[in-house]
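Model the full structure from these sequences, guided by the hints.
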Amino acid sequence: MLKRIRQILAALSITAVTLLFLDFSGTLHPFLGWLAKIQFLPAVLALNLVVVAVLVVVTLLFGRIYCSVICPLGIFQDGVSALSAMRKGKKARFSYSPEMKWLRYGVLVLFIAALVAGLGAVVALIAPYSAYGRMVQSLLAPVWGWGNNLLARWAEHSGSYAFATREVWLKSLPTLAVAVVTLVILVVLAWRNGRTWCNTVCPVGTVLSFFSRFALLRPFIDTEKCKKCHACEKKCKASCIDIDHMKVDYSRCVDCFDCLENCKFGAMRYGLPARRKAAAETAGKEGDNGRRAFLAGSAVALTSMSLHAQDDKKRDGGFAEILPKRAPEREVPVTPFGSESVRAFYDHCTACQLCVAVCPNNVLRPSKDLSRLMQPEMSFEKGYCRPECVKCSEVCPAGAILKITPEEKTQWKVGTAHVDLDLCVVNRDGVSCGNCARHCPVGAIEMVLSDPDDRQSPHIPSVVEDRCIGCGACENLCPSRPLSAITVNGYEIHHKD
Amino acid sequence: MEKINRRSFLKTTGAAAAGAALVAGGCAPRAKENGNVTSAAKDDSVLDTGQMELRTNGGNGDRVSLLGYGCMRFTMKKDKDGKDVVDQENANALIDYALAHGVNYYDTSPVYLQGQSEDVTGIALSRHPRSSYFLATKLSNFSNASHEASMKMYNDSFRALRTDYIDYYLLHALGRGGLELFDGRFVSNGMMDFLQKEREKGKIRQLGLSFHGNKDQFDQLLTLHDKYHWDFVQIQMNYYDWLHADGVRNVNAEYLYDELDKREIPIVIMEPLQGGRLASVAEGVARMLKERDPLASAASWAFRFVGSYPRVLTALSGMVYMEHLKDNLKTFMDFVPLSEEEKQFLSVDIADVMANYPTVNCNDCNYCMPCPYGVDIPGIFKHYNKCINEGTYAKDRAQEGYRKLRRAYLVSYDRAVESLRQAEHCITCNQCMIHCPQSIAIPRELHRIEAYVEKLRRNEL
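Here the protein sequences come in this chain order: V and U. Note that our numbering has the first sequence beginning at 578, numbered continuously upward. Note that our numbering has the second sequence beginning at 37, numbered continuously upward.
Treat the hints as calculated values from the structure; they're not laboratory data. It cannot be assumed that every hint is accurate.
[To be verified] Taking lysine-lysine pairs in the DSS-like style, the calculated list, with each CA pair at most 27 Å apart, reads:
#, chain 1, residue 1, chain 2, residue 2
1, V, Lys1073, U, Lys491
2, V, Lys959, U, Lys418
3, V, Lys945, V, Lys959
This structure is a prediction, so every number in the text was calculated from the model and none was measured.
Here it is as structure tokens:
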């Protein structure tokens, strides 16, 4: 019964979170957005103390049900493990193994150190919610997008506007590579040993384990009824039931309740244990067959290729070729409106990719810079940060992008544009232009005489820095290709004046 | 462009529609009684039994079909290398059918259809006796007006058209640029002298010109009539341009026609449908026309208008599909001219309503293309006009169904024009302007459409 409830809740939860990452239209966020906000690490980073407190209290009361019902990565591994059980034809394939303390606490210490040091890439690599978001965004979202485009093509044929084509493009090769590696490692670990990752690497699991040890309600062995058949132990994907010593390691139990159903003698129960014995950890026999540490990622230093999904639609001749835009070097990265400063943004961001998934203008993408690998940054080759859109600020669960309104948005200054007159088509092609000035939403670009003494001289753009907000409209719409003649550089600290 | 006030726009439409309804009970001659409905439309039997309307060229006695074939719009397909090539089989079928039904005037140019038109037309027509059709082509020496280049273009035309004489030869697109441009393209390089000699020799049977421009430019060219003797002149004429040219860069077709008529110069009509704009008219206009004659197509009205003027030798139509050809044939076989009252109805009532629609006067000739910055100019105008004409554009946030219309416009815009070729990429370099035969202020119109789209995107309409 408890297991069934757990399974149903878990299925609902992972479906909803996954949809959150797939829904580029943003329609689901008002209804499901809270699911991202109750994730542990984003809540910690957002200093969302209420959520953190509730999660701690829940864990103190019921154990790590968070890991079985709320964490999408945990649910995902349960799914893989269940598949493995089906394929192998033997459902009882686990056995007790002692806690790997050095690895567990070592990773946690490293993780906290990285968090304090602002090494966002390291944090993002092992944070469970980020890892899941990364996999969905990099691997599943393109499939979702292509499916949508197929429907859009059908809609176009039947004259319907229900589906609109959406560009599917490779936003960051390193992030894709990391996502693939993450997926492979997780699938292998879960396939073979169930919840290994959650109990050796996952920092959230380790933190929650401090509380789950003292959980009020917990699965316990009724020693009087137990016949030592090991059925529960073999079913425990956390490998935390030690029947030989009649012990359960509550630091690792994720409350899946599989053991309860599997006991024919009613010896496994969930509730208040009759006698409260401190869960002693014994350095038992070696049951650990080659668990590997999670050593991925940092080695991934793949050069970036601009594999833009170039849209070369065929038409009745007569079109000039349009070169794809190339991102300029930005001394300071441009971070979203509402992030307040580059530092604050990257300190809070868990690289879950939710903002990347929802950005309708193709501005946000995971960074390829090693120091903030996978954490998003803005660039304007495919679109610009449109004044009416505040979607990323609405979805960020980690407080990296604070919620703003469209009215507030244009008051913030996140960077400023500067002009490279050698590239400007006014000089290069000898034509009149002014497309940047015409599209600046705040009127920060003045077209001035290139020769003040000659009234007939062509007009060239100049940026009024204190008006510019850094939205990238000018850079995106600049006719100079592949490099724009006007480019945006971020501000370390965003400001309003 | 001045934005028209929505309310006044609706008012005009309504008033004009009401006015039209009042006169609709009128006195026009009816070709056919079909139940209670009287209509000038004919059924398909006319294709078997009817006679093509022929006009006589007063200059040489040619008997020319009132419907002429404009060979600039055949369907294209991709060849092995992905290049656009005209679908020759399709062109053959159309030309065979047209010829069999009495269409004997074929108009082409070395620049049409990315330079393939003359060859395609030549292939299709050379399968028939040379005496069964008249060939018209042009000296389109826009990019290089040197003697050598012009001579090459002239000689290539004979080869491509597989003929040793050309019936109607035109100096292509005169007017804009005035006499200066005329001198540069045809006089100083010796081409005018040469072409006149060719006319004497019979290699060119008739020498004329095609015109796009304003009144002064037209008058200047007519003064040259005494010197060169224009055998015919090709002008843009249709019921909209009859009285509604902008007067600055264009001139009313009524003026052009009257001036040529006075001098007894045969007239060839181009753009009788204004590039298709008069074939697919706005909803309100369509209603006015259908109330008048429920069975007649919008295009048939436009063709009957130009055909009703006796100095017109032939009206060119760029027929792409068999349906176009058949519909046009039905109009021109056993041709029924318009009454004076019907001419008024089109050139005043209907055209006034049309003038108040914010559509862009683009006929998709593609002369402006390729835009050096990649903008799909005709594609943007076509999509915009279509939405205006079908009434499927959002006007106001308070409007019923606004959300749907907004989405429909934005999605269909992205479908019609890929985003990198949309209006926001027009940088106002103005290089397109000189190429536009319709004198559209292209960048201004693109900006106007962009402003509308931007409002939709921001949801600020």
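Hint-by-hint comparison with the structure:
A threshold of 27 Å between alpha carbons decides the hint, and for Lys1073 of chain V with Lys491 of chain U the separation of about 26 Å falls inside it, so the pair holds. In summary, the hint linking Lys959 of chain V to Lys418 of chain U is supported, as the alpha carbons are separated by about 25 Å, within the 27 Å threshold. Restraint check: the Cα-Cα separation between Lys945 of chain V and Lys959 of chain V comes to about 17 Å, which is no more than 27 Å; the hinted pair holds.
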